[in-house]
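Asks: Letter by letter, the chains look like this.
There are 2 protein chains.
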Amino acid sequence: MANINPPDGGGSDAEHLNVRHRVARPPKEGLAKDIKSGIEEMFFHDAPLRDFKDQTASKKALLGIQAVFPIIGWAREYNLKKLRGDLISGLTIASLCIPQDIGYAKLANLDPKYGLYSSFVPPLVYAGMGSSRDIAIGPVAVVSLLIGTLCRAVIDPVDSPAEYLRLVFTATFFAGIFEAGLGFLRLGFLIDFLSHAAVVGFMGGAAITIALQQLKGFLGIKKFTKKTDVVSVMHSVFKAAHHGWNWQTILIGASFLTFILVAKFIGKKNRKLFWVPAIAPLISVIVSTFFVFITRADKQGVQIVKHIDQGINPISIGKIYFSGKYLTEGVRIGGIAGMVALTEAVAIGRTFAAMKDYQIDGNKEMIALGTMNVVGSFTSCYITTGSFSRSAVNYMAGCQTAVSNIVMAVVVALTLEFITPLFKYTPNAILAAIIISAVLGLIDIDAAVLIWKIDKLDFVACMGAFFGVIFISVEIGLLISVVISFAKILLQVTRPRTTILGKVPRTNVYRNTLQYPEALKIPGIMIIRVDSAIYFSNSNYIRERALRWLREEDEEAKAADMPAIKFVIIEMSPVTDIDTSGIHSLEELHKSLEKNQIRLILANPGPVVTEKLHVSKFAEEIGDENIFLSVGDAVAFCSPKLAEQQA
Amino acid sequence: MANINPPDGGGSDAEHLNVRHRVARPPKEGLAKDIKSGIEEMFFHDAPLRDFKDQTASKKALLGIQAVFPIIGWAREYNLKKLRGDLISGLTIASLCIPQDIGYAKLANLDPKYGLYSSFVPPLVYAGMGSSRDIAIGPVAVVSLLIGTLCRAVIDPVDSPAEYLRLVFTATFFAGIFEAGLGFLRLGFLIDFLSHAAVVGFMGGAAITIALQQLKGFLGIKKFTKKTDVVSVMHSVFKAAHHGWNWQTILIGASFLTFILVAKFIGKKNRKLFWVPAIAPLISVIVSTFFVFITRADKQGVQIVKHIDQGINPISIGKIYFSGKYLTEGVRIGGIAGMVALTEAVAIGRTFAAMKDYQIDGNKEMIALGTMNVVGSFTSCYITTGSFSRSAVNYMAGCQTAVSNIVMAVVVALTLEFITPLFKYTPNAILAAIIISAVLGLIDIDAAVLIWKIDKLDFVACMGAFFGVIFISVEIGLLISVVISFAKILLQVTRPRTTILGKVPRTNVYRNTLQYPEALKIPGIMIIRVDSAIYFSNSNYIRERALRWLREEDEEAKAADMPAIKFVIIEMSPVTDIDTSGIHSLEELHKSLEKNQIRLILANPGPVVTEKLHVSKFAEEIGDENIFLSVGDAVAFCSPKLAEQQA
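Protein chains in written order, with the numbering used here: chain E, 1 to 647; chain Y, 648 to 1294.
So that you can see chain E by itself, here it is in the shape it has in the complex (with noise of 0.2 Å):
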């Protein structure tokens, strides 16, 4: 409860009137009603149904129904203001996304039409159900490389490509599932376990294989290995540096390639040119076409395109395995890559949201890209999520909501209806180009270098993930960011810190010695602070810890001719939980400490802490009038006897 009076000004620590304020059990709570709050602590800390309270029945109906689709809610304050920055920003990123599509169905070792196909369905699904404005929904480059990999290792896309295709409907059917799944079991919390350093060394090393696997199509190289390893790659690479360059294929290419980074360039410097790299690739398509159908350059060994097929996405529910040898495949394939997909869209839905300061549901969100993805796998599409470079488009084009992937869908539906023809004679050259401007954006030096100031741990996850992905493949990558990132939670849980805490002159404030030199230990007294809740995993590790703290006070005090510790304070603060293997080893250090004639003394306990060391008997055991309010208190209370003790 809030009241008025008026808090102490002036930064004084005042009026601490010699009162010694116990140390509250907080009012018990029934079972149900604990295990009620720790559930909804893990599963609905976000409270969703908080809109539901106190309506009628029919007015929580349309709550329901626009909780599944948002879009009902904010298309009646839909107007032509909002239309006019969404049409702008649509057409935008179709231009962009119309050439990467191509490419990345390559990745993908599908035709340029699979692509094509997931740009159309995909994000009209989205643009119904998801919360993100500026998310743009579409094929992604690291996506598409790993399922593009892991289907590869199961099929041979070039012997079976019927079947090819159907595990690959299959993998993206489960990615949806397990996708929508997560949201709808309230577990979005799982994606958080991939730490940002293990996600920004695997993008980088998923970037860097990509733009290698491109060198294939910019260098006009017929024969090339399936790897995705630097060194398999860089030896195809040399092993053809004779005779199956192309050089007018390398030509074209590095032309292109130079306009779009300098397009690329020119937005940077200037916001408002956010266009001319957006429309650079489809310009380059253009062009590029438009002059090897003149010059008839595929005569002298300039890759094309050659054919992709018209009209919309034909339905595929039938390819989809549900059962057989492949099924299990497809099951493990599509969480896989569901759950990559699903860190990218989600990573880029928080990052605008916290732009635009409006909120993300996180679970709804996922039920959304699931639902998305099941659809898509229904119609011809493989796995699509949130792409990074076309969302920052979509962004600064001044998109206002979804309806922006509603214009790119019908922009990429007609052009599979009456466009796709003209893309006969584009170079396989330029879709090389365009990924690799695409995919170095996902490279963010920048973080890596804070990465490495704020952790060297985190650069270690990072730079494994990275080298993961270069040296061996897409998959051990990410294993190793998944097992760096546990490994690292673990770390924390068993290796809590502790700290020795002192005065800081001319307050009653004690803190770390380490920072603040000044503060100044008081003799014959030690008081630790544990920063952790006291669990099995890491509480023998805080006795041991406690007492070696003990023993190099001691020496000091010994050397420095100081009185020996007679008074342990603990300052529980931080100590937010313990639980039975906690009560034990603070029972084993009582012990301990007693046979030496020292006192264990706690300060501050939590509400939890407090009723756990009441329930457990320790409180007892130590005696209630050692438990302190706040270490003031406590080293008040032991100063006098101290005194008494020397005297």
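Everything labelled a hint here was simulated from the structure, so no lab data went into it. These numbers come from a predicted model, not from an experiment. Hints are not guaranteed to be accurate.
Said to hold, decoys possible - Here are the computed lysine-lysine pairs in the DSS-like style, where the Cα-Cα straight-line distance is at most 27 Å:
(1) LYS82(E) to LYS356(E)
(2) LYS1264(Y) to LYS269(E)
(3) LYS683(Y) to LYS453(E)
(4) LYS1205(Y) to LYS1238(Y)
(5) LYS456(E) to LYS1242(Y)
(6) LYS36(E) to LYS1264(Y)
(7) LYS1003(Y) to LYS617(E)
(8) LYS1242(Y) to LYS356(E)
Following the hints, position chain Y against chain E.
Replies: For chain Y alone, kept in the frame of chain E given last:
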């Protein structure tokens, strides 16, 4: 550094003389030092080499040998008084272990002699290398059952006893390698990942499973299931009820079980009579053997031990599989059984060390346990560890050093050499009764009740392991324990507590308003404490939770007609570390608050966090003047501003 100024007495918080204390950045440490201290805390937190400092080379060598063989250290101080204690306790545990060994060997599907072998060599090795003074080494029930179950799944012990035996030795060898390896690589902390609650549940379940298995011997059933789950066992028991039960067997078993349990009860009531329950099993064996020998009850269907080979351990080094298909199985089984054995031994070691207040070096202890199993596997022993029941008897009988293990080993060796033929007529029912009474002690109902009181989630883990063992199998129960233990760790790091603080009246102390209902919130200011390091696994949760607190507090303020919140103070004391994801989250929180004209203020960030806030430029972003030494300082700063705004 300690200083001699007396601390301010009388519980007053005075003297904070309007000095604004800046939050200090800790002295910069080099990267190498940073990494070094991280590694030290992880692997060498017990400073194992501190005794080696400043010593001469020869002294160092001696200390090194002594570190591996602690016996060299304490043997010099050994005296007759200690010998007396060790002799009594050694004889007591020998009398207890001989009948137990014979029974436990059967749990492992081995001949009784292997149980006795295992109580001869390993205790001798441990006596030389171990650092616990109270642990009693030998085969134990749970590990015997575990290795029996796991090995039988690979090789049938009845069809191919020789191969089965070889597999057991192989598993023992690798269990030893595994244990010693963990200790040698200083990875001993890994066993802390098995939570106390899970161990209690697992042990209780295993005890009941073992007791149920004894119904075969106890009821004299000949055809018995090989499964260990309660349903299969009870089915076997009742199917045999009509003509498979042997009343003579039941009579003998029941009488002696009653005798042993009464003896146990007497020992519990009067601690001086600790030897009564300790020798009751041996007496039962002697009396019942004599009884069967006279009455020739074995001709009435009472099953007897029949024959135990005479002589001490033969060499078995040649029987270990170092190649072939059973090698990997041996490694796997050894790994699992080794982990369980280690958990038991370390728990025992720690318990008694705390009772007598001496230190045990967990890593060294593991090397000793591992070596003892490796040597054991060379000398026809199966996997051994510390026994709960025998260690307790050892302790109560007044053991002083590991010499009691040597005494026990000698007695066992003499038994093997001279007495084994006398066991011929020992009825199996007696062994069953002894095992039942021994494993009953593993069912720790008090611990389960305490776990229930302290932590409901821990109790779920405990019951999960318990019912997993009883209704499915030992391995599944173990798996459940491990999974739940890890899930709890993950839960702990993803959903840290956040609390709203208020001012405790007449102090300048800010505390959890739920724990201290008298603590007052300050109008216009929300003070929130984050009780955990901010890492990738929880950074999003913390940001969202903070925004939710803000929403809730604002609604409450509005309802109470209070001013809206203009300052959010985050109390950072418990935030021991932050990573890049955490900094991102703070940035996003800062942006969200800024959009609503709310000022973000940090109070008392620790050394590591302060450093990282500066390195990442976040400190600049929110402004150095918004970081305070304490919540009190921060509130004192905000209050006048609030008054201004409202004026």
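Asks: Each of the hints needs a verdict: does it hold here or not?
Replies: Here's how the hints hold up against the structure:
1. LYS82(E) to LYS356(E): holds, 15 Å
2. LYS1264(Y) to LYS269(E): Distance ~23 Å between LYS1264(Y) and LYS269(E) Cα, so the pair holds.
3. LYS683(Y) to LYS453(E): holds, 17 Å
4. LYS1205(Y) to LYS1238(Y): Status holds; Cα separation ~23 Å.
5. LYS456(E) to LYS1242(Y): violated, 33 Å
6. LYS36(E) to LYS1264(Y): Between LYS36(E) and LYS1264(Y) the Cα gap is close to 40 Å, so the pair fails against 27 Å, i.e. violated.
7. LYS1003(Y) to LYS617(E): holds, 22 Å
8. LYS1242(Y) to LYS356(E): holds, 9 Å
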